[in-house]
Structures are given as structure tokens and as C-alpha cells.
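So the protein sequences, as listed, match chains A and B. Residues in the first sequence are numbered from 1 upward in steps of one, following UniProt numbering. Residues in the second sequence are numbered from 1 upward in steps of one, following UniProt numbering.
Among the clues, some could well be false.
Derived pair list, reagent style BS3-like, types lysine-lysine, alpha-carbon separation capped at 27 Å [said to hold, decoys possible]:
hint, chain 1, residue 1, chain 2, residue 2
1, B, K364, B, K300
2, A, K140, B, K364
3, B, K47, A, K131
4, A, K138, B, K47
It should be emphasised that the hints constitute simulated quantities derived from the structure, not laboratory data.
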Amino acid sequence: MAAPESGDGNNGAARMVTLISSDNTRFEVEAAAASLSQTLQLTILDGGGGGGDGIPLPNVDSATLSKVLEYCIKHAPAAANGGAPNATAVDRAELERFDNEFVNIDQSVLYSLIMAAHNLEIEGLQSLVAKKVADMIKGKSPMEIRRTLGFPDPTPEEQAEMNAHMLEYGWAYE
Amino acid sequence: MKTRAKKEHPRAAGPTTVHNLPDHLITLILLRLDSSATLIRAAATCKLWRRTITGTTGFLTQYRALNAPCVAGHYHAFHPDWIEYGETPITGNPVFVPSSSNNNNTIVDSRRFSLDFLPESEMGWAIADSHGSLLLLFKRGTGGGFQRDELVVCDPLTRRYQGILCPGSINLDGDDDDNNHAKGSGGVSNFRVVLVDYFNPEPEGYYYKPEPCVFSLGNDDGGWRELPSASTNGITLPELSMTFAGRVNGSLYWVTGEDGAMLVLDKATTTFSWITFPPDTVGGSYDKWTFRVIGGDDGKLRVVRMINSNLMVFAQRHQQGSDDDEEWVIEKFLRLPEAAGDLPGREEYWYFQRNAMIVAAHDKYILVTPQEKTCLFSVELDTLKVEREHERNKYPGQAYPCELPWPPVLEAYAGDDHGQYQHACCGPSPPRRPAPAAVEPPRRFCRTLPGPRAGRARAASAALPGPRASQVTPPPLPLAGAPSRPGSPRLRRPPRAPNWQGRAVSTVPRRGPEPAGVASPPPPLVGVSTRRSWSACRVALPGPPRLARLRRMGRRRSDWR
Chain A
1 MAAPESGDGN
11 NGAARMVTLI
21 SSDNTRFEVE
31 AAAASLSQTL
41 QLTILDGGGG
51 GGDGIPLPNV
61 DSATLSKVLE
71 YCIKHAPAAA
81 NGGAPNATAV
91 DRAELERFDN
101 EFVNIDQSVL
111 YSLIMAAHNL
121 EIEGLQSLVA
131 KKVADMIKGK
141 SPMEIRRTLG
151 FPDPTPEEQA
161 EMNAHMLEYG
171 WAYE
Chain B
1 MKTRAKKEHP
11 RAAGPTTVHN
21 LPDHLITLIL
31 LRLDSSATLI
41 RAAATCKLWR
51 RTITGTTGFL
61 TQYRALNAPC
71 VAGHYHAFHP
81 DWIEYGETPI
91 TGNPVFVPSS
101 SNNNNTIVDS
111 RRFSLDFLPE
121 SEMGWAIADS
131 HGSLLLLFKR
141 GTGGGFQRDE
151 LVVCDPLTRR
161 YQGILCPGSI
171 NLDGDDDDNN
181 HAKGSGGVSN
191 FRVVLVDYFN
201 PEPEGYYYKP
211 EPCVFSLGND
221 DGGWRELPSA
231 STNGITLPEL
241 SMTFAGRVNG
251 SLYWVTGEDG
261 AMLVLDKATT
271 TFSWITFPPD
281 TVGGSYDKWT
291 FRVIGGDDGK
301 LRVVRMINSN
311 LMVFAQRHQQ
321 GSDDDEEWVI
331 EKFLRLPEAA
341 GDLPGREEYW
351 YFQRNAMIVA
361 AHDKYILVTP
371 QEKTCLFSVE
381 LDTLKVEREH
391 ERNKYPGQAY
401 PCELPWPPVL
411 EAYAGDDHGQ
421 YQHACCGPSP
431 PRRPAPAAVE
441 PPRRFCRTLP
451 GPRAGRARAA
461 SAALPGPRAS
471 QVTPPPLPLA
481 GAPSRPGSPR
491 LRRPPRAPNW
501 QGRAVSTVPR
511 RGPEPAGVAS
521 PPPPLVGVST
531 RRSWSACRVA
541 LPGPPRLARL
551 RRMGRRRSDW
561 R
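Sequences and hints are given; from them, build the entire structure.
As C-alpha cells, this is what we get:
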């Protein structure tokens, strides 16, 4: 959590690090933002990512990474404050608004994001996306959930199981 | 730990459906579903999710930590003491009243909470306690007075139940499939019932001692077991008359008749302890009409007292500078005769010639009545508002919350999560000394009781001091504890029961202390409150001598309204 800028001698301007996506796109961001990722934070504290080296992220493609970084940049200031102690209500509301819009995206992107958030250990992003997916499930019947989330059509066997389940737990379906 | 990320999921391209996500991310998503009903639907969606929800270690535990349970409503008991002499007995099952403030979008049809799936009981079932979505019920006495007490734990929404053999019963036979119980009974397959028998060491004496034992189905060895430490734990249990005062945060409280000291049984650890309550601040008697404990908003212990028609709520406040010492202070105070002045029908009903009485105490409100029992009204604790017209005020007895079941209930995966359910209730039991309380007939309920367990149970019961089953004797009603009190004029009840035993049983639910059940003991329950609501129950089968009298007592539901 500590802001890493002063970590190894980079004074003045915020320290920048370079991240390299799986398709070899290079992203340069402030170390403070990248440090929202627990994984990257350690590397950065160790002095990695500076200069021309860059930190390779073979599991994250450029589209996803840019999205992830968008989130990190937005949340970095609040995280640097150690959460929210001196965040004002306005700041928080703004972050919330940002979050809501941020996850208003295609499902496949959501899944890529949550995977990336998981791999990079960005807890806030992980929760945000999980919440979003959970919200998509709410209030729907099992078939609607399957349809919404793009599951293949149930096999007859699955369908029978589902029906039996609904029969048994009828109260949950009202 | 940090580098791990890279190796775990080599896939560069992101997953395109939920199915491609690793299990723990699915878990993360499912943990954020908003209610147990949604969780259940999700479980129906596909096998993988079902497995995650019902089979993953700790999933439900985590889920509960993140999501407050949804109380669907309360089962109301009808207190037998309301029945007047010569009235017809109460029969029927507890009445379900849905929560008015259901903040969850899953409102379940009240008809789903019907208890019509329970095994036949001529006079219906009375509620002893609840925990989570589980109810602990006992069979009301039938016909004459003796009856076998049968305890049942059920889950109304899933319409499942599990019978419990009370200690003292013998011959359960055999065993059959041990596995069965785990299987079809879902949530009902894992719980504990704590039962406290009161027994009278001297046949004609007035005193009785609590003697707890625990029934567990899903854990341990199953069956009933006496609690060795229970009677002690360094504590000398009093040979005093005690009255069940309520349950708060997973503990049962009794108040002793003399000085207001409270005996506490922690349901989870099944150990006793004492709490003192300053006797001098208020005088008055200590019985169920005047002394109750509740949880209050913060779940902390409160004592509700009715002294000369003044309703008082005491809370413990930390004393400065001392670690444990807390002093009791009055948190609420209400003069009932004045407060009730504006109630409709006051002239007709309201005398206050004699002291008012507490009928039921809940965390949010207290149900009180003039001693003449001409009407019931509630006092909202937050606002001290007095009301008569309230669905909940129609039932003169304790109300037990019922939550929507957790999905575990769904499948029989006996996950670790169900942990401990526990119910408690108290009931009186038969007089005889070791009288084991309820006697349960050997029979086994329907789907339940797995055989092997039965075997064990038997052993357990054998160990019990009690007398045996044969006596089906039901304990005398709990009236006991309070018999004498100025209370009910009309109910004449014998003063103090000589030897009956009461029993308190409670169910402990899964994990934590939940507000769970309240107490109402089933008929047999002892001191505790006793019967519930439906109609008449004669509940408890009272034990011996008093039986007759009790029986005689009328029971007709007065018509309140």
C-alpha cells in the first residue's frame, strides 16, 4: 500500500512503470496506480518495471489491460490515502459513479477483467466485477440466468433436474 | 505469492463466458447474490454452481458473513395461560405472521409457511424455539393428558422435518440406514437440540434443578447426551425455584425467585454461569409475568421488568475503569395505565386494578396485558408507542422468527457449514426425578431418524437419569415457575409445581449466535413459557398431580382481538 514513488530514488515526478500486455503492447503508468495490483506492487517495490524493462503480463491482453489501468488510475488516489479516511462524500460518490459506468460493458469483457483482476490481485476490481455479474443473476429464473449468461441450452437431463429443483424449492421462485 | 498469478491461467485471451472462469471466481460472484432465494435459483442453474454453493467448504459460512439473513416472518405461539377455565383447549399449529418490513425483494407467500406437512397430531404442534429457518416443535398433548412428547425439528419452506427422540425413551430400534438422514433431510439433518430438564430432587419438594442434555443429529455421535459439565462448570446450580426468562444471543436465561440472579446457559458451549441483577432497584417478584430478557437493538442483554404496572427495560452499562463490571441502568420506563389511556376500548377493558403483566418479550416490542387479561397491547421499545391493532398482538405468546432457508438446505451435501444448529426450548418434564423428560416413544418419525442413531440415542438415554420412558408423562406445565404470581386470576394454577420438570430445549443453528429461537417452551417446557398458540393445547402434558388440575383448567381462547 505504501506509495512506491519514493521507494528507490525517484523523486520529483511520480515514478512511472511500464507494463507489457500479452500482445506486446506497452503501457506506461504511474507506479502508484499499478500498485493497486498486489502482484505488481511487489515487483515495483523490488525496483522492477522502470526504465526500458517493463513488466510482462502474459495473461492479460492489451484491451483488458487498458481497462484495468483505467480502473487503477481512477482508484489510485483513494487507495493511496489508505482507503477512505479523508475522502469526501463527493469523492466517494464520484468513484461510485465511475464504478457503475465502468462495469457497464460487455460480458466477455467483464470476465476478462475479473480474470485479470484476479491474476493481478486487484481486490477492488475483482469485487466490483463479481458484484456486477451477481446483479445480472438477481431476480431471474434459472433459465433466464442461463440465457443471460450465455450458457448452452440445457440438456434434457439438466432440464429435468432444473424442473425438479424448482418444484422442490418453489418458494424461492415466487 | 506474488508471482503466482502468471502461472495460474496461461490463457491469454480472456474467458468469454462465466463457465470459463475458475471456480474461486465463480464463488466470488455467487457470494454476492442478494438473498438465499437468489442463491437457490443459482443453484438450480447448473451443476457447477450447485456444487459450489452446496458443496464448497465454507461457502455458506462466508455467505452468511456477508449477507444478513432475511426474516420472513414469525410463528406465534398462543400462551396456554390465556386459556380460561372451562374453555376448550388450544389445538392447531403456530400461526405464521409475515414480516411487515421485508426489505428483501424475495417475499415468500405466507401459505408456504404452513406446517401442514408435519406428522399427524391430534391437537397440533406447539413451537418451542426457532433457529434460522428451522423450528423446534413438540406435539401437544392429546386426550388425556399423557402423551408422548414428540419433538420435531422442521424447515417449513422445504417441508422437511426430523423427529427427535427424547431422552428417557427407550427402545428405539435398530438402525437402518444411517445415511438416509443425511440425505433427504437437508438442513434438517444437522442441528443440535439442547434440552434442560428440571427435576426435583425430593419427591415432594418445591425445588428443582436444571439438568441439560444435548441432542445432536448431524455431529458427534448423534443422539442425546447428558452434559457432564453442564450441571457444574464450577457452578452450583440452585435448588431454587427458577423461571425461564428468555433467550438472548444464543444463551438461555432463568431468573431465580428470590433475588433476581440469573442463571445463564450458553447454548453453544452448554455451560452455565450466573449473572446478577440488582434486586434492590426494583422489588417485585421474579417470574415470567414480571421478568424477561431480550436482546435489544444491539443484541445485548436487556432485562424487562414489570413492576406495579410500570414497564422498565434495564441495560448493562460499562462502569468506568473496570473491565468487567457493568452496572444495570434503566433504559426505558413507561407507566402503562397512562400510556394506555388513549387506547380504544379503554373503558371497557382497562382497569389496572392490579398490576399489568408481560405476555411476551421481543427485541423490538413487549406484549403486555392488564392482569384481568382483557386485552393485549404492545409497547414498541424504540418509541414506547402503545398499540393494540397489530396482527402480532392477536397472539398471546412468544413469537419465533423464521428466516428464509439457506441453500444448504437444498441438497443433502452435508457440508461443514451447517454447523451447528441449535434449538432450545424448555419444557417441563415429568416429575420424577430423573424423569427424563419427554418421553419419546420409541417410534420413529417418518423420514427421519436413522437407525444407527437411534441406537446411540438409546444409549444416551439410558444414561440419563431419568426414568424411563414409560412415562410419557408429560411434565406439568410450566406454569410452574410462575404459578403463583399475582398474575392470572383466572387461571388458577397450582402454585408451584412440585415436581415437574421443565425442560428447555433449544436449537442452535448453524453458526453463530442467532437470535434464534425464542423460547417458548413447549408445553412441557417448563418454566418457560409454555404453550403456544394454537389453540389449546394442553400442552404439556403435565405431569402427575397437576395434570388433572391443569387439565381442568379451561382453555378456550378468549376472544381477543
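Structure-based check of all given hints:
Annotation: proposed proximity of K364 of chain B to K300 of chain B holds, straight-line Cα distance about 13 Å (limit 27 Å). Among the hinted pairs, K140 of chain A with K364 of chain B is inconsistent with the structure: their alpha-carbon atoms are about 34 Å apart, more than 27 Å. Between K47 of chain B and K131 of chain A the CA atoms are separated by roughly 21 Å; this keeps the pair inside 27 Å, and the hint holds. Annotation: proposed proximity of K138 of chain A to K47 of chain B holds, straight-line Cα distance about 18 Å (limit 27 Å).
The structure fails to meet hint 2 from the earlier list, while all remaining hints are met.
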